[in-house]
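Colleague: Sequence:
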Amino acid sequence: MELSLPTAVGTAPKCRHCGDDLTLKLIDLGASPVANDYVDPAHYMRAEPFYPLETFVCRECRLAQTRDLLAASDIFRADYAYFSSHSTSWLEHARSYVEAMAGRFGLGPASRHVEIASNDGYLLQYSLQKGINCLGVEPCESVAKAARAKGIATRIEFFGRDCARVLREEGWSADLLTANNVLAHVPDINDFVGGVKILLAPEGVATFEVQHLLTLMQRHQFDTIYHEHFSYLSLIAGLRIFARAGLRVFDVELPETHGGSIRFFVCHDDASHAESSNVADVLARERAYGLHDDAIYVAWNEQVKETKRALIELLTALKRDNKKIVAYGAPAKGVTLLNYCGIRTDFLDFTVDRAPSKQGRYMPGVRVPILPPEAIFEAKPDYVLILPWNIKNEIKTQMAEIRRWGGRFVVPVPKATIED
57 MELSLPTAVG
67 TAPKCRHCGD
77 DLTLKLIDLG
87 ASPVANDYVD
97 PAHYMRAEPF
107 YPLETFVCRE
117 CRLAQTRDLL
127 AASDIFRADY
137 AYFSSHSTSW
147 LEHARSYVEA
157 MAGRFGLGPA
167 SRHVEIASND
177 GYLLQYSLQK
187 GINCLGVEPC
197 ESVAKAARAK
207 GIATRIEFFG
217 RDCARVLREE
227 GWSADLLTAN
237 NVLAHVPDIN
247 DFVGGVKILL
257 APEGVATFEV
267 QHLLTLMQRH
277 QFDTIYHEHF
287 SYLSLIAGLR
297 IFARAGLRVF
307 DVELPETHGG
317 SIRFFVCHDD
327 ASHAESSNVA
337 DVLARERAYG
347 LHDDAIYVAW
357 NEQVKETKRA
367 LIELLTALKR
377 DNKKIVAYGA
387 PAKGVTLLNY
397 CGIRTDFLDF
407 TVDRAPSKQG
417 RYMPGVRVPI
427 LPPEAIFEAK
437 PDYVLILPWN
447 IKNEIKTQMA
457 EIRRWGGRFV
467 VPVPKATIED
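The sequence shown begins at 57 in the working numbering and counts up by one.
Hints in this document: simulated from the structure, not taken from any laboratory. If you're wondering where the values come from, they're calculated on a predicted model, not measured in any experiment. Glycine is no exception: its CB is placed at the ideal position from the N, C-alpha and C atoms. Any given hint could be a false lead.
[Unchecked claim] Straight line, CA to CA, 25 Å or less: simulated BS3-like cross-link-like pairs of lysine-lysine:
no.: 1; residue 1: Lys375; residue 2: Lys452
no.: 2; residue 1: Lys471; residue 2: Lys361
no.: 3; residue 1: Lys436; residue 2: Lys448
[What the hints assert, rightly or not] Restraint ranges, calculated between C-beta atoms of paired labels, are given here:
no.: 4; residue 1: Thr372; residue 2: Glu457; range: 26 to 32 Å
no.: 5; residue 1: Asp337; residue 2: Leu80; range: 23 to 29 Å
no.: 6; residue 1: Trp461; residue 2: Asn357; range: 38 to 44 Å
no.: 7; residue 1: Pro428; residue 2: Ser145; range: 18 to 24 Å
no.: 8; residue 1: Ala330; residue 2: Thr144; range: 33 to 39 Å
Let the hints inform the model, and build the full structure from the sequences given.
Modeller: Right under this line is the structure:
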């Protein structure tokens with residue numbers, strides 16, 4: 057008898073940029089909780105909602121994206137727990153960015169620098185030190201208050217065309233507009249980019265830094281897929297998205313942040329900024345990998361499953377050998393990894409995180425407790441699973457003392473490995 061599997065009922069999702077039907081699936085990571093909904097001890101016995109975590113690639117414009125199930129306001133709430141300043145490497149990245157932009161584009165006391173999703177002021181603090189006029193736009197009250205405490209003017213609201221019009225009327229015409237790790241976080245990407253068009257000065261420059269779909273796939277970084285990330289961008293898709301808003305990509309860079317990012321340099325169509333050869337070079341690299349072709353996405357699905365199997369096999373072997381394992385970090389990517397792989401307290405005694413807002417709570421779904429980092433030195437585990445693998449070198453330095461008792465590190469992607 058031929059097996060007949062049940063078919064999910066629902067309308068086909070539409071591309072958030074061009075509106076085409078989404079029929080090419082990138083990966084299905086099953087049902088997962090909202091990544092930054094850390095569980096308070098008082099709510100331990102209360103079930104949180106799980107939502108399907110599916111990603112698709114638009115065959116028309118090549119934008120990779122999740123299925124629309126949650127509104128941004130359901131994710132980026134007043135008690136949002138991600139504070140950018142808790143990573144020293146990210147602070148250095150922000151400082152060097154401001155230095156480079158100020159030098160390249162001649163920013164000074166007469167310039168206006170606007171950052172969208174400015175978080176706790178991790179970046180604008182460096183522009184402020186240079187005497188540049190700064191404004192942050194941040195929807196989450198918890199982190200916006202931290203920015204204001206640093207003396208950074210911050211609007212607490214979501215950015216889009218309406219917000220941009222108000223700011224423009226108030227005199228905020230941006231010479232530099234920064235959008236780090238936010239373009240992927242907006243469900244209405246056209247409204248967001250349209251707002252940039254409104255707010256950008258005639259010869260102004262906007263930079264968008266997001267995780268690069270190319271490196272996400274090459275390095276099997278499936279755990280960077282979660283409900284908070286609505287889109288996953290390539291240059292192929294980005295050129296089309298910006299052009300629709302009357303903006304032009306004149307340069308791109310590929311920083312190693314977040315495991316491999318792409319930084320778009322964007323200006324008005326008629327601005328004088330000359331196009332860099334980097335644009336053609338990166339476009340050629342994406343095409344060489346096959347981002348323009350359906351076949352690469354189908355193959356990647358199976359590669360992710362094998363990455364999952366390898367991690368589970370490694371942790372299982374260690375536990376059978378009676379090894380004590382804990383984790384470092386409580387990032388959003390860790391929520392995807394632990395829930396997709398089914399890694400709970402049967403594998404991990406606990407995880408730790410430097411953010412006080414996460415300590416004393418539990419990882420969503422899997423209920424792994426989150427403790428302060430010094431708990432690792434008390435427990436003396438044999439292995440530490442690094443969940444924010446994108447800053448593994450920073451963590452290895454911070455946790456160097458574990459080598460005194462023979463402790464080692466486990467890095468989960470692109471392939472589960474043990475490192476000293």
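Colleague: Hint by hint, say whether it matches the structure.
Modeller: Against the structure, the hints:
1. Lys375 <-> Lys452: holds (22 Å)
2. Lys471 <-> Lys361: Holds. Lys471 to Lys361 sits at ~11 Å (cutoff 25 Å).
3. Lys436 <-> Lys448: holds (19 Å)
4. Thr372 <-> Glu457: 26 to 32 Å: holds (27 Å)
5. Asp337 <-> Leu80: 23 to 29 Å: Check passed, 26 Å falls within 23 to 29 Å.
6. Trp461 <-> Asn357: 38 to 44 Å: holds (40 Å)
7. Pro428 <-> Ser145: 18 to 24 Å: Check passed, 20 Å falls within 18 to 24 Å.
8. Ala330 <-> Thr144: 33 to 39 Å: holds (35 Å)
Going through the hint list in order, the structure satisfies each hint without exception.
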